[in-house]
Each structure stands twice: as C-alpha cells, then as structure tokens.
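Novice: Given chain R, work out where chain D should sit, using these hints.
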Amino acid sequence: MSDVSLTVNGKRVSGSAEDRTLLVHFLREHLGLTGTHVGCDTSQCGACVVHVDGRAVKSCTMLAVQASGSTIVTIEGLADGAELHPVQAAFKEHHGLQCGFCTPGMIMTATDMIARHPEGLDEATVRAELEGNICRCTGYHNIVKAILAASETMAKGAKGKAKQAA
Amino acid sequence: MGIEGVGARVARKEDKRFITGGGRYVDDMVVPGMKHAVFVRSPHAHAQIKKIDVKKAQGMPGVVGVLTGKELKADGIGNLICGWMIHSKDGTPMKMGAWSPLAVDKVRYVGDAVVIVVADTKGQARDAAEAVEITYKELKAVVDATKAIQPGAPQIHAESDNNLIFDWEIGDGKATDAAIKSAAHVTRMKIVNNRLVPNAMEPRAALGHYDKAEDHYTCWTTSQNPHVARLVMSAFYNVAPENKLRVIAPDVGGGFGSKIYIYPEEIVCLWASKKTGVPVKWVADRTESFLADAHGRDHVSNVEMAFDKDNRITGLKVDTIANLGAYMSLFSSCVPTYLYATLLSGQYNIPAIHANVRTVYTNTAPVDAYRGAGRPEATYLLERTMETAARELGISPAELRRKNFITSFPHQTPVIMNYDAGDYNASLDAAMKAADYAGFAKRKADAAKQGKLRGIGMSCYIEACGIAPSAAVGSLGAGVGLWESAEVRVNAVGTIEVLTGSHSHGQGHETTFAQLVNQRFGVPIDSVSIVHGDTDKVQMGMGTYGSRSGAVGMSAIVKALDKVEAKAKKIAAHLLEADEGDIVIENGEVKVAGTDKSLPWFQVALAAYTAHNLPAGMEPGLKETAFYDPANFTFPAGCYISEVEIDPETGVTDIIQFVAADDFGNIINPMIVEGQVHGGIAQGIGQALLEGAYYDGSGQLLTASYMDYTMPRAGDLPSFKVSTSNTPCPSNPLGIKGCGEAGAIGSPPAIINAITDALGVVDIPMPASPATVWATIRATKH
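Chains R and D supply the protein sequences, listed in that same order. Quick note: the first sequence uses the working numbering, first residue 1, plus one each step. Quick note: the second sequence uses the working numbering, first residue 1001, plus one each step.
Just chain R, with the same shape it has in the complex (with noise of 0.2 Å):
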C-alpha cells in the first residue's frame, strides 16, 4: 500500500492505495469521482482523460502513487459552480454527445486541445487531435463542430478579458 495525496477539484485529498491502483480508479472507487469513466484495458479510448498539473492524461496510464503531489482536474471540476465551462456549453448546443460515456474525456481532451491552440482551430487539426477518443454514438461530426465553436467563444472570451484588461 502506498500514500497518495492530491489536490482534485481545488481540494486537497489524501489516501492509501495498492501500489497498482491506477489513477483512474483512486479517482473512482477512493474519491467516489465516477465522471471519468474506463472505456478499454490498453489506454485507447480516452473515456479515463483528466487533467494533471495543466495537461491532458489518461489516467488509466497513469498509477495513482505516480500522480501524488499533482493537481488534478476531472470533469466534475470543470465548470464554474453552476456555470458550464465554454466546452461543455458547446457540447450540449451542437449535440456533441449520445450515450455520453466517452463524453468527460472528450470534454477535458478538448479543453486541452484549446487551450494549447491559442491560434484557434480548424477541422483538420481537431480531428487529428482526437486521434486518443473514441466514440461509438456521434460520428465525431457534431463533436468536430462543438470544439470548434468552444475554441471560438473561447477566442472571444480572451479577447474581451484582454481588452477589459487595457
């Protein structure tokens, strides 16, 4: 068994854990944080993607014993108290999901697909990027055209902040 101490969602956790737990499942079955979901046994599918100290991980790749120390953002996270973070907004208006299992890591994927293009996005480059989700249910159609549009508001926001800032 091993001590694991995190900061999830702006609070600080500790536990103990086997030594193969993986991240995934400290964050489940310890922390009861069951958004992200385990969709594959070989780090495919990206249903497990949370955020670790700023960037996307799939935390079925990741011990938990490994992640100690770290800052952690699951999809339980994300939105501003009662406000939907832009992505996940975008996601529910362009009908970006279905069965929503692979949504949390589609949504934490994207957040950290946006944030790393500051330069904005093109179809092209999103549909690369997502080469680490899977989806079985939308086609990825309407989830290209949701990051898109969150990668917009998003552009918008910055500049807004920006000028209010000048």
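Check the hints yourself; a few may be wrong.
To spell it out: a stretch of chain D is covered by chain R in this simulated footprint if at least three of its residues, at any positions, have a beta carbon under 8 Å from a beta carbon of chain R; those stretches are [as the list claims (entries may be wrong)]:
# : region
1 : 1187 to 1201
2 : 1216 to 1225
In silico PhoX-like cross-links for lysine-lysine, where the CA-CA straight-line distance does not exceed 20 Å [as the list claims (entries may be wrong)]:
#  : chain 1 : residue 1 : chain 2 : residue 2
3  : D       : Lys1537   : R       : Lys145
4  : R       : Lys145    : D       : Lys1016
5  : D       : Lys1070   : D       : Lys1055
6  : D       : Lys1073   : D       : Lys1275
7  : D       : Lys1452   : D       : Lys1781
8  : D       : Lys1244   : D       : Lys1016
9  : D       : Lys1623   : D       : Lys1570
10 : R       : Lys163    : R       : Lys145
11 : D       : Lys1016   : R       : Lys92
Source of the hints: derived by calculation from the structure; they are not laboratory data. Quick caveat, the model's predicted, so the values are computed rather than measured. Just so it is clear, CB atoms sit at the ideal spot from N, CA and C, and this is done for glycine as well.
Specialist: Frame of chain R, contents of chain D only:
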C-alpha cells in the same frame, strides 16, 4: 411548432448530467457490502472440461466465493435460450444446443464463462481467478461457417448434425428459377458481409443484489430492455419469480444491439449474490467485451439477379450461410431470416424472389443483432449487385435504380413486407444534387492529374423498423409481443411524468418524449420527466432496438396523452360550464374556443386531485396508461452517396464527401435525428473500411483490443452532408418511421461501390483497409 414542440431542434435535457460527470452507469453504482467478480473464461475454442479445482483460489486473500457451473445447475438455474423459433424448410424446428451460463462439461468458444470468482476487490478477484485450475481436453475447432457445415467438421453441439441450426427458405423458388432461366442478363456475385464487434463504449456490467430478509433480487445491468431481461431471467433461467426480481438499467453507455440480450454474467451475478450473501458486481474489461459480447453480421451469400431486355429486374435468388457462433443468442435466429430476407426486395419492383438461409454453429462468440441487424446484410447484397449489374449492362447506376424503383404504394413484395409509403426518386434526386453528382467526371479527371484514383458510389436502402406488430411476429416465431407501453402521470401542480417501456442509451428520449408532451399541453419540457429503465417504476415494456422507440414507444405515449387530454377536457368543461367539444388546450391554457374563458393547465390538474368539484361519477386523478401495438412495420428509406479518393501508392482511401438523403417520415427533433444518422454512417464506414473481427484457425480472437480492432476515429471520417425528405408513415399516429439504424444500413455499399468504381474492379472485401486496397491495385495491374 412551439420552441420546445414537435419539430424543434431542442438541446437535450439529459446532457447536463453527462457533461458534468453526473451520469450514473452500472459501474458507478455502489451498494453496501458489495464485492467484485471476475469470470474465468475458456482459453480454448473447443474443449472438454475434465476437472475444475478451486481450492487454491478459495484460499486467496479477500476471496468470498469461487463458484462453478455444477453448483449453478444444482441450484436449478436454467440454460440460455433463443427467443425466436425458426423451422427448417423440412418442417423441423431449429436445433438449439444447450448454453449453460457457466460451462459444465464443454467449452465452445474462447471466452466461454466457466467459473465466477468473488472477492473484496477486483484485483483480488483477478488474482484468485488466475489460481483456478481447470483441466481441459482440447478438441478440434472450426470458426468458418462454410467449413463448419462440411461433413467431418468438428461437432459443436450434440443436438445439431454438421453444425446446421436450420435450413430455411422464403419466397417462390420455382418462379425465381424460371425468371433466371429466361433472363436477358443475369448478374452473379459472391457477397461476404464481414464480422463485426458492436463496441458500445461502456463495457457490459452487472450488479446482483440478493436481499435475504425480503427474499428479493435487484439487478443493475447494462440493458436496452430491462423488462425483457426480467421476464427471461424469471421465466426461463429460474433466477427468481418476476415479483421477486427488480431489473434496473440506469444510464447505459451505448448499445447498438449488443445490450439487448440476457447474457450469462447477469444471471450468474444474481445467483452468486444469494450464494455468497453479498452484492456482486462485474464489469467487463474491453477484451472481455470483444470475446463475449454478441458479434454482428458474418454472412456469406451467393446472389443471382435476373434482368429482362429493358433492364428490369425479373428475379432475385439468394443463398446465404450465416455464422451464429457457439450458441444461439436471444434473437440470433430472426436476424438472418425475418430481419434480412424480408428486405431483399429493397426499393425495387422484383416479381420473384427466393432466399435460402442456412445458419451454422462455429467455435466463435455468439452472433446476434448489431445496428441494423439483417437489413445491412440485405442492403449490402442488393446494392453491391445493382452496382455490378449497372456496370455489366452499361447503364448508369442511378438510371438502373430509377428504372426499377417501386413508385406506387402500398406495395406488396414477394417476401412478406407491405411497403406503406415512400418516394425513392426524391431521396435519390436529393442525394445526387447534394453530392454534385453531375460534376464528378471533372473531379475524377482532376484527381487523376494528381495521380489519385477517384470513385463515386451510391446505395439506395430500405429497412423495416417500428418493430413490430405482435400478432405478425408471433406467427413468424417470435416468443414475445413487440408492442410498447406508456403511462402519463399529471401531478397536482401540472408537472408531468411519462413512464415508458423504451430505454434510452444515447437516443435522447428524455428530450424528444418531453417535446411530445409540450406539443400537446404546452407544459415546458423542464416540467416533464421521462422515467425509464426500472421494472419497479415502469409497468412493462419491450425496450429499445430496431429503431422502435419513436414509431412504437412514442405512439404508446400519444395514446396515453389522448386519454389524459380527454379527461382534462371533461374536467375543464365542467369547471368552465362549457361543452366538452368546445374545449381546446393551447400554450399551457385550457380554453373554451371562441371565448375568453380559460383555466391554466395546472388548475385542471389540481382540480383532478382535490376532487372537490369533478363531473358526477368521475374518478379523481389525472394519470393514464396505454399499450400500443403497431399495425405494420415502418419503412425508412433513402439514398447515400460517397465519393472517395485513393492514393495508389499507399492504398489509403480518403472519403472526399459522404451524402445521406433519408426519408424518416415525420421528425420530432431534427438535431437528434441527424446525430443518429451521423453515428450510423460512422459505423457503416467502419465496417466498409476499418473494422473486422478475425479468429485464427484454432479459434483465438486476433482482434480483441482497440490495438487490433480498428475503431473509426475522428481522423478517419469526414463531416457528413445529411438531409431528410418526408413521406409520413400512415400506420402510426405520429407518422414516424425511425432513424436509428439507417446510417449503418445504407453506408457500407455506398463506400464499396465508390472504391470499386475508383479501382475499376468488380469487388473488394470489407474492410477495404489500405493493405487490401493496395494489394487489389497490385493484383489488377498484373
């Protein structure tokens, strides 16, 4: 149309929980005292079980139970069954081999469940499963259905000689043979429909909880039809009487057919919960899903299509061998028969059709319905053959189709179905326009200058949905009726609960069903809750598959709404001292037409529950139930066109455009309908280009993970151009046809027709992977 009514693109109510991590799937459920199960599965495709030694495993840390098939049988748990009886053409019933939820004497495919291990943690259960010692005597295996029916092939079940389950036919053999004999031209093809794994993103899971004090079972399961699960587990598997068994299918992460069936795992978890005295949860690994979920397709067919000198089809003869795997899954027998051969007329006037279908056991996972179920196989066979015929006859694929389209309705085909409405020219026109079909020749020439091979292909599909009229399917062998139920409960404050036997696992019922209520009573959709997926809450239902939730499920809701409306109008007429016939309900108000007299909706509801002033003799309350049994199947149809560009150096196929023009009848929420089409097309393109389940000769599944089985990813697909036309369905009150499967049905032949067009070859196997395309190009050159 109101902003939340029928026809509006309303954003989904259910999305909030899914986008914030609040979805509740079976794996998210925690019950006090719950333990975790791992199944020990057969590593052999075909073997006798000589000995099972569980002693070592029982002594491992955290283990609370290691249970075998012998103990399960001793407790009277029944064998799994196929619920649709098919008779061979000689009159004998299908040969159903025994399928024990835990194998007792013999294993018949890699993944066959043999032992369940229950422990405090999943890790401990996995460790103990490794310690279970099973001695097998390996037997020869056969995985290819065409080989399994050869004399001398390994016999998989004692009940069936040469592994033949049934040898069935439909249509008029003599008339078809005569048409072929006198034809001006006959197109002949061998058509292979590749085996697929459905791959819902949520792996299957079950949580069984036996409550000793109440002698009552609860099963949380990833099911598309929890009531059918309860019925079958109670009536056939002797798990518990129905009143002692509650089945809950909470949020379910996709189904595509694979979650219709009642599998060994949920039965065994329920039984093991009683046996061990603790709640038992099992969640499949992805590899387990590949091994033990029901697979789809896997047909090999020979087809002959006869034409007269005017290029009219005069006859169609089909001979199909369908692989059903090691055991007959719940609806496996109806997929290659009544969901397949009855659609072989396609969109065409074909005077004579005959199909012969042999179904076969092999040492592979059971095969059952996967999105489309039989109809993709029929469409692929027909549309590939039409394409080849057009090339052989030297006329354009569109012209050959138009010449043979059915244009007047109702139309009785020679294979049972009676098409009620459609306009096949309209969808073909729409698709050709959207694809700029006329400009293709130039685009092809431009691509050729770049060294690329362009091709275009179309597919005109029809499917039978709205499954199904109970008496009709009963006469064809179904063990159940396929009606749907609904209950509409208006609360005293006017808010509404709709209880439905349909089950949403991605289809957006919580929104579309609420739109129906909004349309009727003007109640905001936020004030309408859709309740589904729990046998303790919903009276009875047949679930969601076969694109039936709109045409059948919503029709049941309409019937219940009719009854609620009638009673509400009676109450309002009484309160407003008006004639019942003059009452109208508009925008949330109950009015006397032509006057300013009105009541808000909630006051009518309140009056129903206070019962202070109701018409004489009226019962209090405002709650109605309805069962709807469809009068006919529904017949969605459409035309899909794909344009591809192939790099001859690499064999990579790039989809330049994919156009879908569908006729789904009336539509409740176009946004959701488009989403269904997108998803279906992606699965169809997956079948055509990427996906294939492969066993080696010894029965090992070679494609048992996402590293081996190629799931379509965002970069493999284009954005789709979709549109709809509308000939309303005359057989249900909403005029709905259904949209859930069309994409998966219509798209594979559109892609393969385009690829064969680009390459100038007659056929190419699916999936047409880059390696296959590359090899085909090389083979053609020499």
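Novice: State for each hint whether it applies.
Specialist: Results for each hint:
Coverage of the region 1187 to 1201 of chain D by chain R holds [criterion: at least 3 residues with CB-CB distance below 8 Å; count 3]. Closer than 8 Å: that is the beta-carbon criterion, and the region 1216 to 1225 of chain D has 0 residues meeting it against chain R, so the requirement of 3 is violated. Between D/Lys1537 and R/Lys145 the CA atoms are separated by roughly 37 Å; this puts the pair beyond 20 Å, and the hint is violated. The straight-line distance between the Cα atoms of R/Lys145 and D/Lys1016 is roughly 18 Å, inside the 20 Å bound, and the hint therefore holds.
Annotation: proposed proximity of D/Lys1070 to D/Lys1055 holds, straight-line Cα distance about 15 Å (limit 20 Å). Proximity of D/Lys1073 to D/Lys1275 is assessed by CA-CA distance (about 13 Å); at most 20 Å being required, the pair is judged to hold. For a cut-off of 20 Å, the pair hint linking D/Lys1452 to D/Lys1781 stands: about 15 Å separates their Cα positions. Proposed proximity of D/Lys1244 and D/Lys1016 is contradicted: the alpha carbons are some 34 Å apart, above 20 Å.
With a C-alpha separation of about 14 Å, the suggested pairing of D/Lys1623 with D/Lys1570 holds against the 20 Å cut-off. Taking the CA atoms of R/Lys163 and R/Lys145, the gap is about 27 Å. The hint is violated against a cut of 20 Å. Restraint check: the Cα-Cα separation between D/Lys1016 and R/Lys92 comes to about 8 Å, which is no more than 20 Å; the hinted pair holds.
Checked against the numbered hints above, the structure violates hints 2, 3, 8 and 10; every other hint is satisfied.
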